[in-house]
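Protein chains in written order, with the working numbering: chain A, -10 to 312; chain B, 17 to 269.
Hints were generated in silico from the structure; no laboratory data involved. Keep in mind the model is a prediction, meaning the values are calculated, not measured.
Derived DSS-like pairs (lysine-lysine); straight-line CA-CA distance at most 27 Å: (1) 19/A - 269/B; (2) 130/A - 115/A; (3) 269/B - 153/A; (4) 180/B - 9/A; (5) 5/A - 180/B; (6) 153/A - 5/A; (7) 180/B - 130/A; (8) 211/A - 5/A; (9) 12/A - 180/B; (10) 153/A - 21/B; (11) 21/B - 130/A; (12) 115/A - 21/B; (13) 211/A - 9/A; (14) 12/A - 269/B.
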Amino acid sequence: MPAIADGPIIEARGLKRTFKIRKGTVEAVKGIDLTVQPGEIVGFLGPNGAGKTTTLRMLCTLLAPTDGTATVVGCDLRDDPVGVRRRIGYVAQSGTTTGEAVAGQEIVSQAQLYGIDRKTATERGKALLKSLDLDGIWDRKCGSLSGGQRRRLDIVMGLVHEPKLVFLDEPTTGLDPQARANLWHHIRDLRDRLGTTIFLTTHYMDEADSLSDRILIVDGGKVVAQGTPQELKQRVSGDAITLTLRGRKDTAQASEIIGGFEGADTPNVDGNVVRAHLPDGSTALPQLLRALDKAGVDAIGLEVARPTLDDVFLTLTGRSLRD
Amino acid sequence: MTFFKDTWIVFSRAMRLSLQNPLWVIIGISQPILYLALFGPLLQAIAGAPGFPPGDAWQIFVPGLLVQLGVFGGFFVGFGIIAEWRAGVIERMLVSPASRTALIAGRVLRDVIVLIVQAIILVVCAMFFGLSVPFIAIVLGLIIIAMLGASASFFSYAMALAVKSEDAFAPIVNSIALPILLLSGILLPMSLAPVWLQTLSDINPFKHVVTAIRAVFRNEIVTGEVGLGVGIAIALVLIAAFVGTRSFANQTK
Ligand SMILES: Nc1ncnc2c1ncn2[C@@H]1O[C@H](COP(=O)(O)OP(=O)(O)OP(=O)(O)O)[C@@H](O)[C@H]1O
Ligand SMILES: [Mg+2]
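Just chain A, same shape as in the assembly (with noise of 0.2 Å):
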């Protein structure tokens, strides 16, 4: 047996991934580290192409890393696929099943893959069915189960080995809202209860948020930050402030304003709104509001926003999530 018991379950150092392609090549991960501790939930949040799924097909031993290392639940990626197999369980983002195939069989037979007898199998299979609000489609073939349904039996699937770490690629996708809950439901579940790792790639900003006790932020095939969602809040300079005036007369003077508030960043005008950034924006309220008064700045509308993981992302890359 590897020793997992305290160290970190995934430790990868300058995973890198080139793809040949018909001209040249792509570097899809240009140089990975990662460190994940046992029983944590990470978020691994990135626009398309970022290199989410090539990473995770890395750490599953699905793919061979051009360079670096990794090891994996205790076993080195190189030397022991084998082990790492045996002790991950992995989700693809695109699908694991075949139409014609009856759902309670290709459970079954993926856990007898690992090693469990028919009869465990079943039993494991039909109660993760059930929490997952799939009960009664044991006998369906997987090709008449709406979207929802399939993608909730993929990650059944992924499940079924119990296994210690489990790679979630985009599990939500195609999910309805309630689905979606019962799915993060389900997954701080099974870390609370059985103390599985989860590391999830997602696209969802809110996901990444609610779900993650640590997010890791990827782009253009790096880790560009990485913290908890509070810290990486934190890192936006501040809340959001717009101010709506009546008039253009007074944008000047409203920006002089909010501009001389401590630790606050340049204001932009566009039109008759004035926006700006303040460390603490809840608290600089009342006092903005009485300067405004007496300026004679005759204000319409004024907001606070906490900052969400898309002005994190828009803060560190320039770009939106939404791109």
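Start from chain A and add chain B with the ligands according to the hints.
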């Protein structure tokens, strides 16, 4: 041994899926039966002509059909694995600790069982048409066909996974299977061919397998022809299994 267990798991799953949709098994068997019914009688008329190998028309013709069944049936299984790959099934299995060889061998085993059932149906039908062979010859013939089918399946999976596109795979299969079959003398024996064609067909390993099964069906079992054919069949299986396993393992490169 986990290899045998894994092979069995993969085999049972594949077999279950095939049995669920037996249409292509039926199509696969109806084709040789059409040959038997529509071409066999023609052959019977000319089987006595000079240049024909010894044995009656059915003893010459049925081994050819069996090889056709094995080679064509085997070469086409690759389409199935492209579909499975696209659905993510292959990747789901590759991420499990199962033996890579088992992942392909289980599927090949399914193909071989299907082939054997088809071959038995074919031989039984041929008996109604007038084929007469000793039981032991049928058994040995089926074993050789099984090896041939297994190698065709292994090769087919390997090629299919290398190209991963039905559009690319179809012309490859056709351009390989057709010359192999034509140069094996499955419909007419190669002894009727001009010298250059005979030389070409001598290079084709499948021809020697057809020759061996014909000898077996004439009950000339302990002969050099049979030895050569069986030896080639064994070599083909070993090479194909190696290539096939490599192609599965290469999926994670
Ligand atoms: N097999 C491949 N051959 C060539 N290029 C590839 C291959 N797989 C991925 N890439 C390229 O590598 C880059 C990273 O792809 P990857 O799938 O890891 O992105 P991702 O972060 O998972 O994106 P998405 O959010 O769209 O799933 C992309 O530019 C992609 O085109
Ligand atoms: Mg992806």
